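Below are the chains, spelled out letter by letter.
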Amino acid sequence: MNNILTIFKKELRAFFTSPMAYIFLVVFALINGYFFNIQFFLINESDMRVLFGIVPLVYLFFIPAISMGLISREKSLGTIEIISTMPILERDIVIGKYLAGFVLILLGLLTTLIHYLTLCYVGTSIDHGAVFTGYIGLALLGGVYTAVSLFASSLTDNQVIAFIIGIAIVLLFFMMDKLLFFMPSSLSGVVQFLSTDFHLSNMSRGVLDTRNLIYFGSVIGFFLSITTRILESRKWN
Amino acid sequence: MIQIDNLSKNYGTVQAVDSISFSLNDGEIVGFLGANGAGKSTTLKMITGYITPTSGNVTIDDKNIIDDCIAIQKMVGYLPELNPLYAEMKVHEYLKFHASIRGITGNEFIESLKRVVSECGLQGVVHRTIGNCSKGYKQRIGLAAAMIHDPKILILDEPVTGLDPNQIVEIRGLIKKLGKEKLVLMSSHILQEIQATVDRIIIIDNGKIVADGTSDELISGAQGKTQLHLEISNAEENAIQEMKATMPELHIKDVTKSGENFNIVIEYASGSDPRKDIFNHAVAQSWVITEMRVTEKNLEDIFRNLTGKVNEGADDE
Chain A
1 MNNILTIFKK ELRAFFTSPM AYIFLVVFAL INGYFFNIQF FLINESDMRV LFGIVPLVYL
61 FFIPAISMGL ISREKSLGTI EIISTMPILE RDIVIGKYLA GFVLILLGLL TTLIHYLTLC
121 YVGTSIDHGA VFTGYIGLAL LGGVYTAVSL FASSLTDNQV IAFIIGIAIV LLFFMMDKLL
181 FFMPSSLSGV VQFLSTDFHL SNMSRGVLDT RNLIYFGSVI GFFLSITTRI LESRKWN
Chain B
1001 MIQIDNLSKN YGTVQAVDSI SFSLNDGEIV GFLGANGAGK STTLKMITGY ITPTSGNVTI
1061 DDKNIIDDCI AIQKMVGYLP ELNPLYAEMK VHEYLKFHAS IRGITGNEFI ESLKRVVSEC
1121 GLQGVVHRTI GNCSKGYKQR IGLAAAMIHD PKILILDEPV TGLDPNQIVE IRGLIKKLGK
1181 EKLVLMSSHI LQEIQATVDR IIIIDNGKIV ADGTSDELIS GAQGKTQLHL EISNAEENAI
1241 QEMKATMPEL HIKDVTKSGE NFNIVIEYAS GSDPRKDIFN HAVAQSWVIT EMRVTEKNLE
1301 DIFRNLTGKV NEGADDE
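From first to last, the protein sequence lines are chains A and B. So the first sequence is residues 1 to 237, counted in this note's numbering. So the second sequence is residues 1001 to 1317, counted in this note's numbering.
Since the hints were derived computationally from the structure, they do not count as laboratory data. For clarity, every value in this text was computed on a predicted model and none was experimentally measured. A couple of the hints might just be wrong.
Said to hold, decoys possible - DEER-style ranges, computed between Cβ atoms:
#1 Tyr22(A) <-> Gly1121(B): 34 to 42 angstroms
#2 Ser1021(B) <-> Phe193(A): 52 to 60 angstroms
#3 Thr79(A) <-> Lys1180(B): 24 to 32 angstroms
#4 Lys1135(B) <-> Ile136(A): 44 to 52 angstroms
#5 Gly1103(B) <-> Val191(A): 46 to 54 angstroms
Claimed, not checked - Below, in silico cross-link-like pairs of lysine-lysine (DSS-like), each with a Cα-Cα straight-line distance of 27 angstroms or less:
#6 Lys235(A) <-> Lys1208(B)
#7 Lys1090(B) <-> Lys9(A)
#8 Lys1135(B) <-> Lys1177(B)
#9 Lys1074(B) <-> Lys9(A)
Claimed, not checked - Stretch-level coverage of chain A by chain B, calculated; a stretch enters the list once three of its residues show a Cβ under 8 angstroms from a Cβ in chain B:
#10 11-17
#11 73-79
#12 86-97
#13 230-236
Cβ atoms here follow ideal geometry from the backbone N, Cα and C, with glycine treated the same way.
Let's have the full structure, built from the sequences with the hints guiding it.
Structural data, given as structure tokens:
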């Protein structure tokens, strides 16, 4: 646990000692703010579903970008040899790095709360519960994308390649239920269940179903565990 | 104490390390010498648990690297080749990171920090960003990080590569100082470096150990011939060639004439000493000896003989 915390602190500090975290937070807030507000005042409805539609799109590019270096950079610098020869389990390295990336995403998500305050100020009969579950959904989606991007980062020592692989997998999860049309009907149920959008849409409507929570939890767990295996595999090369 | 038994590592079809065995005792400074690609780094990576042996095992104080990797990593301090560092971190942050993974916090960390800062001479740079430090300082930072938990065993992979001569002398002094209480295993492909720093030398070539001993033992144990350079004047070339008739154990390798003088290179079996006979012969022939010089066999020759390679890169790094 202590080791996870040490790795977590190291990574979070690395985000904030470079301009990376600040650029991410500012641009993330600006893009979400722009796209939310141009629609919010047009539709004239007291809900935040517009935001819950935009953030997953913005995530697609931002999360692979901030997570791409988490492991690949250690590989290219050679510092992977330093942390791998310390008395620390690969699992703890992966979890520590994952949490650092995830917390940065949560901070980004926090910047969008300003729109909730706007809504509270100008809106009427707001469904606070739906906003709450929607945010839970966005946080979990961020968690899935971070786990996928961390996995992509563990595959290579090149950050650009890690970024591209990250986007490709994340896009696959995002697109899955939009491609159902092309799927044989026997597969469509499974594919739909695997897509992130299917689970997210439940939550942004205000439904908090354990099936959705289990889905997000298992995808995160799956990617973190194969990332751990990949880090361990260097021993057997 | 480190015990290495039949350690092998294959990278695909390439056998990087081929069933090597040796043991290292506490308080020894051991140099691991070999040409580039001989298997030095691979062996060190197996000892530190970065890679797992294809076969064989490494045992340190009744713990082995396959079953108790973490326990061994706690005992060992390791400076990898090329000394990778997080350039964006401050020196004290980096040392704190190492200490924290090793469970050293609070006052204990302050004490450890003071110790490594004074041992490695980091006083001026503790609050500096690592990326802004000179190469010599970076090397010491890497060393300080490897020593933050005061390990019994220090493993240093090419610790002086890329340093200037002054920095090399500093690091060499530091390693010698550390070797008084710790077991230090350092690798190098630079002979002079190893010869100047260590008590015992292990030479590895093509993944196999080809020599093991102190530098004196290696030199005296090496089979070979000694060369004698002789410069004489007042002589005839034919008479010089006839010298062999009186002293059959000599092998006259080369005779060159420069002006009045002849330069002669003679080889004879190590252990015998024909210099007196040569002198008497010269007197009998009324030659004048202007120079007589024995070329000692040095470690470099032994290294070349054993590895069959020229010590490439020793000059440019």
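Do the hints match the structure? See the list:
no. : hint                                         : verdict
1   : Tyr22(A) <-> Gly1121(B): 34 to 42 angstroms  : holds (36 angstroms)
2   : Ser1021(B) <-> Phe193(A): 52 to 60 angstroms : holds (56 angstroms)
3   : Thr79(A) <-> Lys1180(B): 24 to 32 angstroms  : holds (30 angstroms)
4   : Lys1135(B) <-> Ile136(A): 44 to 52 angstroms : holds (50 angstroms)
5   : Gly1103(B) <-> Val191(A): 46 to 54 angstroms : holds (47 angstroms)
6   : Lys235(A) <-> Lys1208(B)                     : holds (21 angstroms)
7   : Lys1090(B) <-> Lys9(A)                       : holds (14 angstroms)
8   : Lys1135(B) <-> Lys1177(B)                    : holds (21 angstroms)
9   : Lys1074(B) <-> Lys9(A)                       : holds (21 angstroms)
10  : 11-17                                        : holds (count 3)
11  : 73-79                                        : holds (count 3)
12  : 86-97                                        : holds (count 4)
13  : 230-236                                      : holds (count 3)
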